Amino acid sequence: MMSEAITTSGVRTWRKPPAIERPWLRYGLLIFTLIYLYFAVGSYDVNWARVAEGVERGWKFIKAFANPDFVSRRSDLIEGMTESIIMTVTSTVVGIMISIPIALGAASNLAPLPIYLFCRTIIAISRALHEIIVAILMVAIFGFGPLAGFITLSFATIGFLAKLLAEDIEAMDKGQAEAVKATGASWLQWINYAVQPQVMPRLIGLSMYRLDINFRESAVLGLVGAGGIGATLNTAFDRYEFDTAAAIIITIIVIVMILEYSSSIIRRWVQ
Amino acid sequence: MMNTDTNTSLKPVWQRRTTGKQLLIWFAWLVFVAIFVACWMFISNRTEWYFVYDAPRIAADIWGRATPPRWSYLDKIWKPLWDTLNVATIGTALSLVFAVPVAFLAARNTTPSATLIRPIALLFIVTSRSINSLIWALLLVAIIGPGILAGTIAIALRSIGFVAKLLYEAIEEINVDQVEAITATGASRWQIMSYGIVPQIMPAFAGITVFRWDINIRESTVLGLVGAGGIGLQLQGSLNTLAWPQVSLILLVIFVAVIISEWISAVVRRAII
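Which chain is which? The protein sequence lines are R and C, in order. For what it's worth, the numbering used here labels the leading residue of the first sequence as 1, then goes sequentially. For what it's worth, the numbering used here labels the leading residue of the second sequence as 272, then goes sequentially.
Keep in mind the hints are simulated off the structure, nothing from the lab. In this text the structure is predicted, and so the values were computed from the model without any measurement. Where is the CB? At the ideal position from N, CA and C, for every residue including glycine. Don't take each hint at face value.
Said to hold, decoys possible - Here are the in silico distance ranges between beta carbons for each label pair:
#1 C/I388 x R/Q176: 44 to 50 angstroms
#2 R/M97 x C/Q286: 44 to 50 angstroms
#3 R/Q198 x C/A542: 26 to 32 angstroms
#4 R/T33 x C/D325: 15 to 21 angstroms
#5 C/A331 x R/M97: 54 to 60 angstroms
#6 R/I115 x C/W342: 46 to 52 angstroms
#7 R/Q198 x C/E443: 55 to 61 angstroms
#8 C/K347 x R/Y261: 46 to 52 angstroms
#9 C/N316 x R/P101: 40 to 46 angstroms
#10 C/W342 x R/T33: 43 to 49 angstroms
#11 R/I62 x C/S465: 33 to 39 angstroms
#12 R/A185 x C/T512: 55 to 61 angstroms
#13 R/Y36 x C/A331: 57 to 63 angstroms
#14 R/L25 x C/M464: 36 to 42 angstroms
Said to hold, decoys possible - Derived BS3-like pairs: lysine-lysine, alpha-carbon spacing no greater than 30 angstroms straight-line:
#15 R/K16 x C/K436
#16 C/K282 x C/K292
#17 R/K181 x C/K347
#18 C/K282 x R/K181
#19 C/K282 x R/K60
#20 R/K63 x C/K292
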């Protein structure tokens, strides 16, 4: 690990070992990064005049944060926020209910191979597609409104929750599972008394975390017409009403902070 | 927790909870279900159910239009895909420049002032994390105009909070003995940092970076929808012109790109740990 350099005077000085031990990999990565950066930065086509013009507008926006306008679009703000929160709650609940059976199916120590592969495929699809893309398709199929957002968020919850829950089930203590099985328990009893108590704290923690994520996502679904505060925010930006936009963003930040704080309390209480 | 009740036949029956506790749990469930039903009514009221009943037919219709994907359109996708990759990568790199100092300021054991600077750093992290990268992009497109520069900065702004949060948690969990050993040699503040702290958090730092890069690839695919460049721009254009075969091709490309990036990220993280 340590590399020792022998200086001319014969005194050995210690040097920090490099982060990547193999020299060819170290220099190879360095050269690759430099070449990549050269081409990547070269492909940027920036209109600097437009950017310079924007500096003033950016300053105006920062000033708007000091003086947000909650009043002039108050009804839109309340309405959008209610819709966002309601979408968050319902989709998290439904998402969890669907995730649990899929997580059981995606745990390699519980499910037979065909079911395992099927559930893992659902998880992979849900994780690969960004919420907004799903929302666009859902709006096309179900029409505008919070229903599309609700379905989108429920679907997105599956990829997150089922994957992490399945990993937790796979890591569970085998002793307890075998003990319950030895009593002659049925499959459902086995899940209920051997598996469920072991993964419950993790499930609650993950659910709270997902509630938080779903709220943050619900704030942008409105951009594509899937309900929530996003539509109001988009309008505010389009009209350069930065004070209203600042008010909406501040509201989102405050709600996220409240959610994060309460979820940390609940998680501590569960563990 | 265990409670042995005696029933009429005087045979003890095992129950998990006392009656009062059980009632309380039932009541909590009742409240929970009531809230859920109320929320569902709200959504239901705002839904045109006529469209929903029609949904299977429309879904089949879209599927029919979207297949097979227009493979020839691939030629026009390489450039936006390259842009998307750059937005994610340069954005991640840019976020690291800011996230590392913020993380050191926010960690309880390295912050210069726990009463003044730490709360500011934490507020900065929360702000960056609460705002979706699409909202950052929307904001930046309004300020500096459309293009991949806006997308890159949006990705960077969103990632600062994520990286800084995970990094400062890693800094707070380091082994104190090593830091004390370095301090005992009479090392300066910066020497303690580079010999005592940095080597300990390096693996976590690399892991977090690759993890966020992988998330950023996924996020940058949609930034084009608000004008911030990349493959999302083509997606928006194809959707607006109802060119479903192009839409399905783009979705397929995005899917493959995300799977590849996730695979790369998993390989790198396994190599580090």
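To see whether the hints hold, each was checked on the structure:
no.	hint	in the structure
1	C/I388 x R/Q176: 44 to 50 angstroms	holds, 47 angstroms
2	R/M97 x C/Q286: 44 to 50 angstroms	violated, 26 angstroms
3	R/Q198 x C/A542: 26 to 32 angstroms	holds, 31 angstroms
4	R/T33 x C/D325: 15 to 21 angstroms	violated, 52 angstroms
5	C/A331 x R/M97: 54 to 60 angstroms	violated, 27 angstroms
6	R/I115 x C/W342: 46 to 52 angstroms	violated, 34 angstroms
7	R/Q198 x C/E443: 55 to 61 angstroms	violated, 28 angstroms
8	C/K347 x R/Y261: 46 to 52 angstroms	holds, 47 angstroms
9	C/N316 x R/P101: 40 to 46 angstroms	violated, 30 angstroms
10	C/W342 x R/T33: 43 to 49 angstroms	violated, 33 angstroms
11	R/I62 x C/S465: 33 to 39 angstroms	holds, 35 angstroms
12	R/A185 x C/T512: 55 to 61 angstroms	holds, 59 angstroms
13	R/Y36 x C/A331: 57 to 63 angstroms	violated, 44 angstroms
14	R/L25 x C/M464: 36 to 42 angstroms	violated, 26 angstroms
15	R/K16 x C/K436	holds, 27 angstroms
16	C/K282 x C/K292	holds, 22 angstroms
17	R/K181 x C/K347	violated, 58 angstroms
18	C/K282 x R/K181	holds, 26 angstroms
19	C/K282 x R/K60	violated, 77 angstroms
20	R/K63 x C/K292	violated, 53 angstroms
Comparing the model with each earlier hint shows violations of hints 2, 4, 5, 6, 7, 9, 10, 13, 14, 17, 19 and 20; every other hint is respected.
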